[in-house]
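Number of protein chains: 2
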Amino acid sequence: MSDERVVKSARHTELLELLDAFGTFGETEKGGIARLAASPADGHVRDFLCDWFRERDFRVLVDEVGNIFGVLDLMKGPAEKNFFCGSHLDSQPEAGKFDGALGVACACIAALCLQESVKTEGLEPSFRYFVVCCWTGEEGARFQPSLVGSSVYSGAKTAAETLAIKDSDETSLAVALDAIGYRGKDTIPKADQYLELHIEQGTELERNKTPIALVTNCWGAKKIRLKFKGVPDHTGPTPMQDRRNALLAASHGIVEVEVIANKTKATLYSSVGRIEVQPNSPNTIAEHVQMWIEFRSPDEAALEAAEKDLLKALDGIERETGCTAHISSTETRSVVTFDKTAIATIEAGFKAASIPFLHLKTIAGHDAVRLQEVCPSTLLFAPSKDGITHSPEEFTADEDVCAGFDAMLDALSNLIIGPVSEQYSGRQSQ
Amino acid sequence: MSDERVVKSARHTELLELLDAFGTFGETEKGGIARLAASPADGHVRDFLCDWFRERDFRVLVDEVGNIFGVLDLMKGPAEKNFFCGSHLDSQPEAGKFDGALGVACACIAALCLQESVKTEGLEPSFRYFVVCCWTGEEGARFQPSLVGSSVYSGAKTAAETLAIKDSDETSLAVALDAIGYRGKDTIPKADQYLELHIEQGTELERNKTPIALVTNCWGAKKIRLKFKGVPDHTGPTPMQDRRNALLAASHGIVEVEVIANKTKATLYSSVGRIEVQPNSPNTIAEHVQMWIEFRSPDEAALEAAEKDLLKALDGIERETGCTAHISSTETRSVVTFDKTAIATIEAGFKAASIPFLHLKTIAGHDAVRLQEVCPSTLLFAPSKDGITHSPEEFTADEDVCAGFDAMLDALSNLIIGPVSEQYSGRQSQ
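As given, the protein sequences belong to chains F and A, one line each in that order.
Numbering of the first sequence is given in the working numbering, commencing with residue 18 and proceeding in unit increments.
Numbering of the second sequence is given in the working numbering, commencing with residue 18 and proceeding in unit increments.
So that you can see chain F by itself, here it is in the shape it has in the complex:
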């Protein structure tokens, strides 16, 4: 026992150092990071990760949309059985150092721990390979929508359509990945099971002083891209009644998106976080405004109702402003339930090891949601201070990082030593 404790402690140091190292890439003056998908900073942290893998005998694979896989051979267990574990290293424009990075760092160190356990304790794992994943463009900040890389891996999107997605400067993901050298050609093995540790981005764990949560399901979402078209003209001489002001129409739209969420009896969250205005000059009436609308709910019917309410509101906005509204894309994400067998296995392990835990849901999408489409997938949450995220203020204390890691390692041990759920066999196309 005392030996194990020493090893664990050294691994904790290694984990904290790795997490710190990730946080140096794209670091900002505010103490957070700016590491948009496939940006130079993202390229540098990827290089660092791949070097880290190679120095430790992981085989490095990169697929055509830039997902990175560090494959560690556990040297025992059924060949062709792969346990995937990871998260992402891209970030929002002004982000913290834990969202995504925590899950990748913990997966890296867990791989080493598991390899060591198998070797020194003579255990027989149910998987031969432990595959650490770093998914491309989880955030949806530079390339929309989010979950870019895991959506291609799961088969929800094709690589071709994904590589053609353009950022606001009209740079495609293909060009951006080429620029950082991460448009790979490797064939990726199929995932037989997946686990991801992520910060909670809420306050339940913190309030309950609990180190870990088992996430049971993920809210559904509707992501709508809406365009308003007006008529460009001079903001001075053009008579008020002749103006077709797309920014005014968009403002009514943003207010309506809020009203729809506030007036429904269902549980519904809504937001507009991004807007693009053209020509965006103080002296010219806006001609084009594009906005990114989100509705999120645990109730799929509420999402459908919200979309209908929006369409109805747009009719009124068109009449009032003389602008035209056009929905250019709608993406609907169903409510997702994570693998119950895995949850039961992990829960039994936590109880046996006296690890306190909560059951939570997730409102935000995570790569684990996409992986659940192809294999049993588990999402764990570690605490994040005050629930603040997508901000330089995002923070998880060292002790919470280490406690979260310990719980994750316990979960992995139980899943990898125990039998893998067979419910997904044959469903994966890759």
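Bear in mind the hints are in silico, worked out from the structure with no lab data behind them.
Given the structure is predicted, the values throughout are model-derived calculations rather than measurements.
Please note that a few of the clues may not be correct.
One copy or two, either will do: identical chains are not told apart, so a pair holds if it fits within one copy or between any two.
BS3-like, lysine-lysine: derived pairs with alpha carbons at most 25 angstroms apart [said to hold, decoys possible]:
#	residue 1	residue 2
1	Lys282	Lys226
2	Lys207	Lys280
3	Lys47	Lys244
4	Lys47	Lys402
5	Lys368	Lys246
With chain F's structure known, arrange chain A on it following the hints.
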């Protein structure tokens, strides 16, 4: 007479060719131009203009904020008396080829006509020098507020504060002018009188089939820069009631700016044409939104009332959204009356030459407004089709360009051969 007609016709060809040539710099696919102040395209059209001046024996002067002056010696008239005439060559982000460019091109050709008249007809002008002006950053599209160059010439702003103005990429006007080589050091002579021809940006001339308007006055304006501050967080898990969404606050603000103009009994125009959102990501609640508000009115009291109404509305928006509002700058422009003596002189000339004309006001600001602060200043309008401006659709037909030029030349002849108004003597500091 037949001789004069031939010369005039050749000058028309020269004018149309010069206007076309200006339109090739920064030309866009939509058939308009994108020639933001001190951009590379603005640099290239300036180079072309300076070459044009030098080839025709104009002396070229550039002041410290990049205003260009082409000084033509009429070889007669009182030394130290300078007649200024011109407009601007910068544009909105997606603009037409007539706004500003028409006035510069007409001033160039008028200079040649006047020099020739003085020489061949033995006339005695009241000014020795005819100075063609190309003012920096009239549009306020890249560097706010508008009338950047003429405001420094008139003494309304200092060169130092103006050179420090930054665009949205944090590039200062000083750096941008250095990059195109137009941060000059020349001392500029004082203007004794000014005239500017501009497109109407309205439909009065077109509807009345009239080639020219004498502008009697300019509406006042209030230009307010407003910032909202919210709290960045994830658009998913953050509970609706905990959000401090600066984009929602800004949307309420934009709607309010419209409401203020629509509900007042006074004549008041309002707009928000530009907005900046940070971090502007679909998945992050907006932390900062900055917007550029304009109120315009012929009634200065209405502008003051509008500002008060806005402040009152901001209180409500702060309470409703939990964001804070902060006005970072307010610029008030008084109602301006153009020089009445000049108008009377020109009007008498138009009547004698049977040139039909209208009296109009201007709602948009023009460099002539700033020049009126230091010398008698005249603003003439030529027709613009359907009143569309700040758009690639902006258009003035060749015959309207030529008729406008003929009327402008008649006005200049009457002002330059007649006595200059003395009312401004001693008021100019430069």
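A quick look at each hint next to the structure:
1. Lys282 - Lys226: Neither: 31 angstroms inside a chain and 60 angstroms across chains, both beyond 25 angstroms.
2. Lys207 - Lys280: Neither. Shortest intra-copy (45 angstroms) and inter-copy (64 angstroms) distances fail the 25 angstroms Cα cut-off.
3. Lys47 - Lys244: So Lys47 and Lys244 pass the 25 angstroms test across copies only (20 angstroms; inside, 33 angstroms).
4. Lys47 - Lys402: within (17 angstroms within a copy, 51 angstroms between copies)
5. Lys368 - Lys246: neither (58 angstroms within a copy, 45 angstroms between copies)
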